[in-house]
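Asks: Start from the sequences and build out the full structure, keeping to the hints where you can.
So the number in the numbering used here is just where the residue sits in the sequence shown, counting from 1, plus 10.
Calculated from the structure, these hints are not laboratory results. Careful: at least some of the hints might be erroneous.
[To be verified] DSBU-like mimics (lysine-lysine), calculated; alpha carbons at most 30 Å apart, straight line:
1) K586 with K601
2) K186 with K217
3) K104 with K67
4) K543 with K586
5) K626 with K601
6) K247 with K235
7) K543 with K627
Quantities reported herein were computed from a predicted structural model and do not represent experimental measurements.
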Amino acid sequence: MSVQPAQDSASDCHMRIIMESLARRLEEDPEEFCCPISLCLFEDPVRAEDGKTYERKAIQEALRHRTASPLTNLFMGRRLVPDEKMKTAIVEFKEKLVEEVVSHAPFMSHLQALKLLFRAEGFVREKLPDPIAKDSLMTILMRKAQLPSPLRGDALVELCRMCQDATVDLKMVVEKFVVKLGMKSQLADLDDQTIARFCLAAHVPPKSPCCHAVDREQACRLALKSFDEFGARQLWKFVQKHAVCGNPEWVKAAALVMAARHNLITVSPELPCNISRQAVDYMQDRAMAVSHAREVFRTDLGLDDPLGGSVQVQAQLLLGMASQQEEPAAQVELLLEAAYVDPSNTEVLGHLKEFFTNELQSKGRMAREDAFISFLLDAHGCIPEEFLGKLPLEDGTIRALRPESAFRLADQLQSAGRGEDGAKVVLTACKELEEEGDMKSQVLAQQASLKAYNMSGYSQEALHLVLSITSRRLMQVQMEYQDLQQKCSEQEERIELLTSEQKRVRQEERSGVQPTMTVEWDVSHVDGSFMCKGESSTSPQFEIAGTGVAAWLRYYPQGTTSAEDEFASLYLFVDKESVVSCDVAVDTERKSMENSPIIAGGGRGWANFVKVGVHKKISISVHSVQLAGSRLTFVYHQA
11 MSVQPAQDSA SDCHMRIIME SLARRLEEDP EEFCCPISLC LFEDPVRAED
61 GKTYERKAIQ EALRHRTASP LTNLFMGRRL VPDEKMKTAI VEFKEKLVEE
111 VVSHAPFMSH LQALKLLFRA EGFVREKLPD PIAKDSLMTI LMRKAQLPSP
161 LRGDALVELC RMCQDATVDL KMVVEKFVVK LGMKSQLADL DDQTIARFCL
211 AAHVPPKSPC CHAVDREQAC RLALKSFDEF GARQLWKFVQ KHAVCGNPEW
261 VKAAALVMAA RHNLITVSPE LPCNISRQAV DYMQDRAMAV SHAREVFRTD
311 LGLDDPLGGS VQVQAQLLLG MASQQEEPAA QVELLLEAAY VDPSNTEVLG
361 HLKEFFTNEL QSKGRMARED AFISFLLDAH GCIPEEFLGK LPLEDGTIRA
411 LRPESAFRLA DQLQSAGRGE DGAKVVLTAC KELEEEGDMK SQVLAQQASL
461 KAYNMSGYSQ EALHLVLSIT SRRLMQVQME YQDLQQKCSE QEERIELLTS
511 EQKRVRQEER SGVQPTMTVE WDVSHVDGSF MCKGESSTSP QFEIAGTGVA
561 AWLRYYPQGT TSAEDEFASL YLFVDKESVV SCDVAVDTER KSMENSPIIA
611 GGGRGWANFV KVGVHKKISI SVHSVQLAGS RLTFVYHQA
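Replies: Written as structure tokens, this is what we have:
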């Protein structure tokens, strides 16, 4: 059983304490940088005649009422001198604070981060429109955009607005957004215009490492606008340009667009084969196409609808792929696939006939005679006379045919007055079926051998094959009969054992003996030495048999906060209000719970169950359970 920790690990606790301490420091203004009158951070520090530094407005207001030092209460004049040293120190303090907030905000709680980002934002906005301040503000807005949606405010809206400023270095902005701050997932939250600008900026030489992420987001935006001809062409142009380099992700994207938008874009015969191949596969497997489209474009591109006209497009793509092949074998494979996809395509059929005619004339045979025969029989029901008389019908070709194709070929040969050739085809097919060995093939071979015998004019070869197949089939049936007898005997023995077991169980039921409800939880791999007091491990839920009550155990290796030192705690929880009696044990230490009411979702147990140590097993044996408001009590006894 796996154990899930209920709270953070000790290292997480330590990190949280450090971050809370850092947040408190960053929230406070250092006393030496605050005006002794207003107690606020200096904005316009001046040195008065008493030698102390004050905020200009605060000391002017104080001197207006009385000409005395607010700190010493001694007389002083109204002469004030700007404290440039303090002003410089304040500027440096604010800049350092902004850097620290931006750096540490991701590791703080969301509310702490939001509070500090607002503080840093206020410091930065004071210096606008300074270019450095503008850059810092954009970074702060990016950090705010990383917070949960309810806490972001209008950070992304303002960031997009700032990206419209011609003086902003967009390439630096997009690299910071995607690479430095790791905000690739937040690209989806930006508006279309900003993504388009990011896309252009990322490709400014030298090419940015964030290009791929921004391009993928731009492809998603274009996909949502691709349901008309203009939008489809824009999307196709974009993905095709990126697929040229052979990147598998962009090849997949281009293939998906071709499969989904073939009716709105131009299907070129020169389209790269890797795109055409995947596009055909997507048109033939819409479930895969929909899954991949959602993964690439965050939309199914309408691929879950029937692909009207896709058969013709598949044939066109396969024909284009075939025209790019140098090897004749690869050409014919693609032409045959196109012919099976769209049997009515006259262009494909013309190319196939031309290919096979050239093969017959130049070599006297065809490289894929079996495929050509199968195609003609499946698509047109017969083989044209111009080819039938020229086919050599070698054994290898016939063995490669499906049995039904071989038999149809034999029938056509017999109709053409070539019964012996037809019988030869059937006999060869019979031998192939016989070698397959399964029952269906054996029965089919037996039927086909009789057909060959009649077709051949009762030849001795055919008769020998009939007798051979029949003899082997008889032996096979006898063996199958013996196997069935053996299985029947084994089943009878099994039935006797089950009947005996059934009688025993019924006897126990009548005597009122019921099994114990016991659950054991392996805790040997829970290392409590690294856990703090109050941290726990929770068992998987289990059902108390017959009651419908789900229960679970919660184990505190160092004890709960209310436990005595050096004691581990253990509690039982249930999901329905009930009264439970049970024994609970941690290894050999056992305690009993007698008729203890437990509220739904609440727990009942012991703060001081067992001494802290390495424990191996926790077990619970339930004696009885009574649901709240019920008069029934489920009772479990030892057998």
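Asks: Does the alpha-carbon distance linking K543 and K586 stay inside the 30 Å limit?
Replies: 28 Å, holds
Asks: Between the alpha carbons of K626 and K601, is the straight-line distance 30 Å or under?
Replies: Judged against 30 Å, a Cα distance of about 17 Å means the pair holds.
Asks: Are K186 and K217 close enough, with their CA atoms no more than 30 Å apart?
Replies: Holds - the C-alpha atoms of K217 and K186 are around 15 Å apart, at most 30 Å.
Asks: Is K586 close enough to K601, meaning Cα to Cα at most 30 Å?
Replies: 23 Å, holds
Asks: K104 and K67: Cα distance at most 30 Å?
Replies: 21 Å, holds
Asks: Just to be careful, I want the Cα atoms of K247 and K235 compared with a cutoff of 30 Å; is the pair within it?
Replies: 13 Å, holds
Asks: Does K627 lie within 30 Å of K543 when you go C-alpha to C-alpha?
Replies: 20 Å, holds
Checked against the numbered hints above, the structure breaks none of them.
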